[in-house]
Each structure stands twice: as structure tokens, then as C-alpha cells.
Amino acid sequence: MLNHWMSTIRVAFAALKTNRVRSALTMLGIVIGVAAVIATVAVGTGASQRVQAQIASIGSNMIILIPGSLTSSGMQLGTGTVTTLTRSDARELSEQCADIKDAAPAVRGAASVIYEGNNWGTTILGTTPAYLRIRDIAIAQGEALSEQDVEKASKVALLGSTVVEKLYGGADPIGTIVRIKQVPFIVQGVLASKGQSAGGQDQDDIVLLPITSAKQKVLGFKSANADAVDAILIQARSGDQLDAAQEEARALLRQRHHLLPDEEDDFSMRNLEEILKAQVTSSRIMSLMLAAVASVSLLVGGIGIMNIMLVSVRERTREIGLRQAVGAKTRDILLQFLVEATTLSIFGGIVGIMTGIATSVIISHFAGWQTVISPAAVLLAVVFSALVGIGFGFYPARKAAYLDPIEALRFE
Amino acid sequence: MTPLIDVRHLSKTYSLGEVEVHALSDVTITISRGSFVAVMGPSGSGKSTFMNIIGCLDRPTSGSYFLDGVSVESMERDELAEIRNRKIGFVFQNFNLLARVTALENAKLPLLYADNVIRDADARAAKALAAVGLEGQLQNMPSQLSGGQQQRVAIARAIVNEPQIILADEPTGALDTKTSREIMTIFRDLNQTRSITVIVVTHSDEVAAYADRIIYFRDGRLVNGEAAVPMPVVLDQAAKR
Ligand SMILES: Nc1ncnc2c1ncn2[C@@H]1O[C@H](COP(=O)(O)OP(=O)(O)O)[C@@H](O)[C@H]1O
Ligand SMILES: [Mg+2]
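Line order of the protein sequences matches chains A and B. In terms of the UniProt record's numbering, the first sequence is residues 1 to 412. In terms of the UniProt record's numbering, the second sequence is residues 1 to 241.
No lab work stands behind these hints, which were simulated from the structure alone. For glycine and all other residues, C-beta sits at the position ideal for the given N, C-alpha and C. There's no promise every hint is true.
These stretches of chain B come out as covered by chain A in the derived footprint (C-beta under 8 Å, 3 or more residues) [what the hints assert, rightly or not]:
{"no.": "1", "stretch": "89 to 103"}
{"no.": "2", "stretch": "111 to 120"}
{"no.": "3", "stretch": "179 to 192"}
Isolated chain A (complex conformation) (with noise of 0.2 Å):
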């Protein structure tokens, strides 16, 4: 039975050979289909990717309370002036919420910070140990926030690796002290990289301070409510508890402001993580859809096929006629042409895996965009050409089994 398939598929190389030219054109739509499916998939994959490594750099399971009320067409009302949100809210959120695991009040500004003559502009964010937790930020060098910083209000900062950067060039930071409007901080950790965000923005560039410290210091108190964050972040437990841990957060919100059941929130809230979610199916969607137009042009690549193994079926007719009279069963000239059809689509299959690959590269070099080579698309694009040669070559391939071996003898 081995000797049996090696000899057929021996012939249709033969054959296969003797019309290289023919072979080669007929393979050729098979590689664009596969090359065009690979590369749109490869796209795709980068793109959704990248977004999930976006959410990822968020924190997880998280929602985002702002101050004042959103419209109808999602503008929001007087931000910056709107002080509704204070440090208590923050604290009762995540002791009175069962859903909540915890809550992080944030204020934040700009400032220019200076370490021995050098000068950088960041952003600053005063917060408490919380923040660290809930956007699962590391430390990478020194020490994190402690509940006594917040407390005593220190004067010690954390800094993004982008600020280290700009301010000392390779020296190391811990334990010197910088200084935010004027104000000395001693320089206690360093966080680990966060790189850009989902908005592009670089996350390293950033100095986090106490809440208190960076209220009384630097940022100044904006209104008269000295307790008053521009934000709180919060945590569900998990992320079935996000819509859970929303309700009772707004719950919670309204009634310790007073809110009248027909009065509007005096808060927002964005669960950043939906939104991002929605990019990636939607990056999805587009990826699939891409590549499904390209396996349009795989099955045009498997009607050439079809329609040269016609051809070649029909030059041959001969040859089955002879192979027929010294004993080729219906099921020999069957396999004989798949074997042949399948060859030319699974080389042509091939040779678009590289052309696919390729091009994904080039894609990834020139504009920029992250692709990944996933092998399941690789596996489904040798599996999909495999089959358009079995499919669209069984056709043919009967149509010579069923050959008059008579008729077929006689053939001009």
C-alpha cells in the first residue's frame, strides 16, 4: 500500500513537472489567498494584542469615579471645578462596598521637578498605597507608599522610569532628594515601567507623591473642601463583580451626598477596561473580516485549480484510458489527481506561509504596526489549501475515474 502511494504521488509530480509553468501559475492564486490570509491575521493579532497589553497596563477590574455629572451626549459638566469626590468617599468605598477591594483617591497636576540642575516637567500624582495595588504597578528600585506617608504626609516621591531618565542620566535615584515647586522630596522607589498608554501617552512619565504631601505642597487645595480628589479608582473583586461593585459604589455615592432620588449623580463613572474590551473585539472583528475577504481569494486560487486539473484531465485522457486497461481502479486515477491537486495547493500553500510571513514583516517594518505569526493560522492556512485542493480537485478527479476506458483509449 506504501509502494501504491509512493508511486502515486511519484506520478503526480511527474506530471506536475513536465508543466512547471502551468503549475506554478496555478499555485500562484493559492499563494496570494494564503500569503493575504496569514499577513491580514498576523495584523490583526498584533493589533488586538497591543490593546490587551493596553488593558493590562491599566489594572484590572477597575472603574474610575470623576467628579460631576456627565450630560446626556456623555460631556462632562465643570471638571476641575466639581469637588464632589473626597478622600472619606474613597475611604468608605472600600470599607463599606463588599464588592469593592479597594479604592485609591487621586489628585494630580503638573509641576517641573528638579534634581541638581536638571529640570522636567510631569505630571504629578498624589495618591496612597491603594493606587500602587489597583494598577498593579511594581517597584522597581527603592521602596513603594506606605499608609504612613499618607498619614504624616512625607515628603518622599516615587518616580517614573521616564523621569529618572531625563533627571539622572544612569545615576542612581533612591534617596536623593528632588525638588517639586520648591519643595524638597526625598526620592524613595522607582516604579517599574507601564509604557504607553491605550491614549498613547507615555505612563513612565510621572512622579507619585502622598496624597497629603501633594495637596499641601505642591498642587495646593483647589477649592475649599481640603478633602476634595479629582478622582477615585476603584477595584472589584473580581470582573463579574465590576457591574456589582458599580452599583453599590453609586449607591453608596448618592446617599452620602444627599442626593434626592430625582437628582443626577454628582459623579461619573468610566469602567476604562469596557471600553478598551470593545476596542479589541472590534479589532477582532476587523481582523476576521480581513481575512475573510482573503480566503476570497483562496477559493478563486482553488477554481484555478479546478480548472487546470480539468485540463490536465482532459490532455490525459489517454493515459487513464491505458492506466484503466492494465488495471488503475476507479479509486487508483481518483487518488492519482487529488494527490496532483492537493501537491499543487498545499506547495502553493506553502509558499504563501512564507509570502505571508514575509509580508507581515515588511507590514510591521515599514508602517510601524505589531504583527504576530500565530501558528494556529499558520495550521489553518496549510489545513484550508490542503483542502481547496481536495475540494476543488475532486471534481476532475472523478470526472477521469469515470473515464469509458474505451472512449478514453481512443482519444485524439
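Chain B with the ligands: place on chain A using the hints.
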């Protein structure tokens, strides 16, 4: 002993629209093992149709055909293919070699379709080619061979499976007289040394003279089924004994 070929009331009718063509009508004949038969008759008299049915390439419209004691007229496509593979070797007027493979590969072809794996296929094909005097041309392509050599490759292909019957439909039709004699000599040798039953269609009396029995067709009917063996052959065989 049952005859190798036993054909009774065999008819083959083609209907071309309104018209019916009786390619064979009520043919009854037996051919015994080891015989050498020449089939003659004018063009269109049904010789090829008869050969095709005998060779299990075609099926009769009516009548019965026992090959080696087995009724074959109602067999399936693939069963017929197997019988052709095991029992019959074909030789055609136009050789019908595969143009793109060597003499050896051509001669080997029937072995590829044998039911069980044949390990020494190359050796057997080479032996068959040697038997027809082509031991030096194993690797030649058909285009590198003369017409007579090509027909020898075809004969090697026909005998490689050690069949009981060789069916040759005008095997010398495309060859000159001298080459025709060489080919017929090969057939006679195969018939005499290996007792292969040989049936040859021909228009030539000289070719027919190699046979020990001649049958004639006219308008699809067998005429004078037990024709006398022509003198030269009788003399030839008498001389041998
Ligand atoms: N496939 C066919 N369809 C219709 N008529 C056919 C077919 N094959 C043979 N015939 C007819 O059958 C008759 C016998 O043909 P054939 O056996 O080829 O004759 P021969 O070989 O003696 O020249 C002829 O009249 C021929 O035209
Ligand atoms: Mg004829």
C-alpha cells in the same frame, strides 16, 4: 477442461439516436488455452468490439462470456479492472506508451495496480524488457526508441504481469514489414514458450499466418468460425516438430 474463452450469443448494439448499430451479433466461440488466434475482417466488422469485450474493457449488450470459467459480463468496473490486471495484457496499434517516463517505468505500469505489493517490480519489468530484446534500453524514453522498439516496450508491459492472454489490436498496423515480422516472432515465442494465449487483430495475411487459427468477422458476425489454418503455418509448425 473449460476453454479459456467461452463466448455465447454475444451481441453489442450501439444506438445512435434512431439508428441502431449492431457492432456484434450473436457471436459464439470458444478459444482454448495456449492458442494463437488471428482475427480478420473488413473495417467496421466488429473486430475491435470483440477484442474489447474479450479484454473486459467493454461489456456486451447481451450474451454471456466466461473467462477462465468465470462469468464476467455482469461484473463491476473495478472487478473488471482487476481481471484485466491479472489475466490480460494489451498491445495497441499506436503503442500507447507514457511519453514522459522511461521504458522501464512503462513496462512496470501494470505492477503498480496489482492488488498486493510487488517488491521486485523493477526487476520484473527489466526481465520483461529483456524478454523482448530491450535489455539495453531500460532507461530510454519512448521518444528515443524506434516504432518497433516502442511496440516491444508495449509487449513487455503486456507480459509483465504474467497474463494468460495477450490481446493485440492491429499491433503491426503502424510498422513496416520487417518490424512486423519481428513483433510477430515475439508473439509466437511468447505463445510457444510461455503458453500465453495470443489473439491478434490484423488485416495482413502474412501476419495472420503466424496464428494457428484464424477467425473472420463480417458485419458483426463470425463467419467460418473454424477457418482452416493457412498452409504456411502448418508447414512452419510441421518443420519445427
Ligand atoms: N462507441 C461506438 N458508438 C457507436 N458505434 C460504434 C462505437 N464503437 C464501434 N461502433 C461501430 O461498431 C462497428 C464495429 O466497430 P469496430 O469493432 O471498431 O470494427 P473494426 O475494429 O472491425 O474495424 C462499426 O460500425 C463502428 O462504427
Ligand atoms: Mg478496429
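Outcome of the hint check:
1. Judged by the Cβ-Cβ criterion of 8 Å, the stretch 89 to 103 of chain B is covered by chain A as claimed, because 6 of its residues qualify and three suffice.
2. Under a criterion of three residues with beta carbons nearer than 8 Å to beta carbons of chain A, the stated coverage of the stretch 111 to 120 of chain B is upheld, 6 such residues being counted.
3. Counting residues of the stretch 179 to 192 of chain B whose C-beta lies closer than 8 Å to any C-beta of chain A gives 0; at least three are required, and the coverage claim is violated.
Checked against the numbered hints given earlier, this structure breaks only hint 3.
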